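Colleague: So the protein sequences, as listed, match chains A and B.
Take the first sequence: its position 232, counting from 1, is numbered 232 in our numbering, and each next residue is one higher.
One gets our numbering by counting positions in the second sequence from 1 and adding 465 to each.
Please note that the accuracy of each hint is not assured.
Unchecked claim - Computed spacing ranges between beta-carbons, pair by pair:
hint, chain 1, residue 1, chain 2, residue 2, range
1, A, R430, B, K543, 41 to 49 Å
2, B, A610, A, G335, 19 to 27 Å
3, A, T268, B, K582, 21 to 29 Å
To be verified - Stretch-level coverage of chain B by chain A, calculated; a stretch enters the list once three of its residues show a Cβ under 8 Å from a Cβ in chain A:
hint, segment
4, 525-532
5, 562-576
What the hints assert, rightly or not - Just a few of them, taken from the derived set where beta-carbon distance is under 10 Å, the chain A residues facing chain B:
hint, residue
6, K205
7, T229
8, F272
9, S293
10, S297
11, A301
12, S317
13, S321
14, G406
15, D426
16, R428
Source of the hints: derived by calculation from the structure; they are not laboratory data.
A quick note: this is a predicted structure, and the numbers were derived from the prediction, not measured.
Ideal Cβ positions, reconstructed from N, Cα and C, are used throughout, including at glycine.
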Amino acid sequence: MIYIPNTSVGRRRLIAGAAGLLAAAPVPVFAEPAAPAGAGGGGQSAVIDVDRARSEPIPIAVPDLGGPDGPSAQLGHEIAGVIGADLARSGLFRLIDQAAFIQAGAVTSGVPNFANWKPTGAQALVTGSVQILGGGQVRVEFRLWDILPQTQIQGTAYTTTQGNWRRIAHIMADVIYERLLGEKGYFDTRVVYISATGPRDRRTKRLAIMDQDSENNRLLTDGSWLVLTPRFHPTRDEIAFMSYANNRPRVYLFNLASGQQRLLGDFTGMTFAPRFSPDGSGVIMAVANGGGSDIVSMDLASHSPRRLTNSGSIDVSPCFSPDGSQIAFASDRGGDQQIYVMGSGGGDAKRISFGNGKYATPVWSPRGDLIAFTRYAGDTSNFAIGVMHPDGSGERILSEGWLVEGPTFAPNGRVLMFWRETRSQDSRGRGFSSRLVSVDITGFNERPVETPTDASDPAWSPLGT
Amino acid sequence: MNIKILGALSAVALLAACSTPATTTPAAPAPVTSSIVPGSQEDLVANVGDRVFYDFNKSGLRDDAKATLDKQAAWLAKYATNNVQIAGNCDERGTEEYNLALGNRRANAAAAYLKAKGVAAARMTTISYGKDRPTAQGSTEQAWAQNRNAITSVR
Numbered sequence: 001m002i003y004i005p006n007t008s009v010g011r012r013r014l015i016a017g018a019a020g021l022l023a024a025a026p027v028p029v030f031a032e033p034a035a036p037a038g039a040g041g042g043g044q045s046a047v048i049d050v051d052r053a054r055s056e057p058i059p060i061a062v063p064d065l066g067g068p069d070g071p072s073a074q075l076g077h078e079i080a081g082v083i084g085a086d087l088a089r090s091g092l093f094r095l096i097d098q099a100a101f102i103q104a105g106a107v108t109s110g111v112p113n114f115a116n117w118k119p120t121g122a123q124a125l126v127t128g129s130v131q132i133l134g135g136g137q138v139r140v141e142f143r144l145w146d147i148l149p150q151t152q153i154q155g156t157a158y159t160t161t162q163g164n165w166r167r168i169a170h171i172m173a174d175v176i177y178e179r180l181l182g183e184k185g186y187f188d189t190r191v192v193y194i195s196a197t198g199p200r201d202r203r204t205k206r207l208a209i210m211d212q213d214s215e216n217n218r219l220l221t222d223g224s225w226l227v228l229t230p231r232f233h234p235t236r237d238e239i240a241f242m243s244y245a246n247n248r249p250r251v252y253l254f255n256l257a258s259g260q261q262r263l264l265g266d267f268t269g270m271t272f273a274p275r276f277s278p279d280g281s282g283v284i285m286a287v288a289n290g291g292g293s294d295i296v297s298m299d300l301a302s303h304s305p306r307r308l309t310n311s312g313s314i315d316v317s318p319c320f321s322p323d324g325s326q327i328a329f330a331s332d333r334g335g336d337q338q339i340y341v342m343g344s345g346g347g348d349a350k351r352i353s354f355g356n357g358k359y360a361t362p363v364w365s366p367r368g369d370l371i372a373f374t375r376y377a378g379d380t381s382n383f384a385i386g387v388m389h390p391d392g393s394g395e396r397i398l399s400e401g402w403l404v405e406g407p408t409f410a411p412n413g414r415v416l417m418f419w420r421e422t423r424s425q426d427s428r429g430r431g432f433s434s435r436l437v438s439v440d441i442t443g444f445n446e447r448p449v450e451t452p453t454d455a456s457d458p459a460w461s462p463l464g465t
Numbered sequence: 466m467n468i469k470i471l472g473a474l475s476a477v478a479l480l481a482a483c484s485t486p487a488t489t490t491p492a493a494p495a496p497v498t499s500s501i502v503p504g505s506q507e508d509l510v511a512n513v514g515d516r517v518f519y520d521f522n523k524s525g526l527r528d529d530a531k532a533t534l535d536k537q538a539a540w541l542a543k544y545a546t547n548n549v550q551i552a553g554n555c556d557e558r559g560t561e562e563y564n565l566a567l568g569n570r571r572a573n574a575a576a577a578y579l580k581a582k583g584v585a586a587a588r589m590t591t592i593s594y595g596k597d598r599p600t601a602q603g604s605t606e607q608a609w610a611q612n613r614n615a616i617t618s619v620r
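Modelling step: build the complete structure from the supplied sequences, incorporating the hints.
Modeller: See the structure below:
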């Protein structure tokens, strides 16, 4: 069953959304509204109506985008493939098989012949065209149609460098997602994670980054030093992570544009478990203090640390609420590890987890309504990934396994990614694996996230701007 | 880093082997201990015990751990120029970030005990690898028991 959030739905922000694309980095994308084409009859709209409960994915047809020449048409085919795969992977759309199409080939421009699309069962249709311009530029125009009322929901054209075509496809998929579901998409995003190779007792771990659909994989560090727990800056330009460089495990910042790393702060003990503040001006992290660890906030401009907890116990894994007013963290101050919430300036912390077992890795949803966590007992019973409300109520388990750990939210708060390890089958570690997995916050639509190597510690980027 | 530690270990072994001239190789194989340089990491491993073990999710020192640390303290008193790193480790049945803190707590517990037994704090550094450097690669209680440790190594 699909849970559709009670968000407002409207034909809003067509131009506003497109204008924002002007700032897209690193390769500029220019968007312009495509001229409206056609208007039409009545019937059930593909656009989600908040008063109409939906329990089935939206059937959508994404035929190849057309093109005036072979290379353009080929690119149109590939762009349609990426859009379709994004939408289908979300579980909220059902892609109509191209074999069911009555109208063969691309639908390039103008008002589609709705009579050809109605019988396919599609409620929404994507049409468009690709034109490879001079100077390595490409122009992609697309329209989103509501088949039964026969109306155009969206029409936009993008101009960008040809090498940026995948990003254009993801941006288009996000527009389709937002127009039909009434909430922001998450396809124009990336995932930073830890790539792992080699036997378990001497793993080589590298910082890695890829698009959310597992494309454009890139290793960011060479594996000389163990690295862990990368997290995105809200602008997507920088990553906070932990490195064992020079045998001193500390939090570093990695600049994606320059490839440069810099040590964050000057602490005598280990610093770990970093996360940026929602406005990007600071980092909260754990700092070893004797046999325990404290939550410390670091202002990135002044580089002055501020100690937020001093319990003598292990306080770890801090994460801001999206409005920056609160911090969730894990602590064993009461015995077993549990999740606590305190104000962003520190002070009294309130325990919010009360179920069976230990609770770890609290992560606040970008929507603010949920905190995701890892729950475990520590023995041979399964680990679990779950969500609860910030007051601790409404706990739901979304996935279980021998070891599942470290949830991270897609920027729209709809999907979680985490990692799953399988149990070693012998003393040489055979059978062990570590892979990324995504799941809808309803617990529906769990699927593997492909990576070239074993992987852990995923962190989902904010949406591109 | 463990690769580097292993590298250092094998270098020690090679030096020890090389220090025995081939011409003096006895007819009968020498006892293994004869090639160990006193005061070396190998010596610590073979004759003292380089690691202590902990119970699940605990950092308290068991009696067997204290006995090993007593011997380490005596050994460090004998080889007073040796500095050591104490690395805290955890089994795989916890979360990464918490285990980094737990490994730190274990290393600290061992270092504090050694300090109480007279080892100067300046001679010791601690580090935690959380669950990232398991000695045993299995997923059994036996493997986990081996992986919940603090390992002392000569620096």
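Colleague: Hint by hint, say whether it matches the structure.
Modeller: Now for the hints, and whether the structure bears them out:
{"no.": "1", "hint": "R430/A <-> K543/B: 41 to 49 Å", "verdict": "holds (42 Å)"}
{"no.": "2", "hint": "A610/B <-> G335/A: 19 to 27 Å", "verdict": "holds (22 Å)"}
{"no.": "3", "hint": "T268/A <-> K582/B: 21 to 29 Å", "verdict": "holds (23 Å)"}
{"no.": "4", "hint": "525-532", "verdict": "violated (count 0)"}
{"no.": "5", "hint": "562-576", "verdict": "holds (count 9)"}
{"no.": "6", "hint": "K205", "verdict": "holds (8 Å)"}
{"no.": "7", "hint": "T229", "verdict": "holds (7 Å)"}
{"no.": "8", "hint": "F272", "verdict": "holds (5 Å)"}
{"no.": "9", "hint": "S293", "verdict": "holds (5 Å)"}
{"no.": "10", "hint": "S297", "verdict": "violated (17 Å)"}
{"no.": "11", "hint": "A301", "verdict": "violated (26 Å)"}
{"no.": "12", "hint": "S317", "verdict": "holds (5 Å)"}
{"no.": "13", "hint": "S321", "verdict": "violated (19 Å)"}
{"no.": "14", "hint": "G406", "verdict": "holds (7 Å)"}
{"no.": "15", "hint": "D426", "verdict": "holds (6 Å)"}
{"no.": "16", "hint": "R428", "verdict": "holds (6 Å)"}
Comparing the model with each earlier hint shows violations of hints 4, 10, 11 and 13; every other hint is respected.
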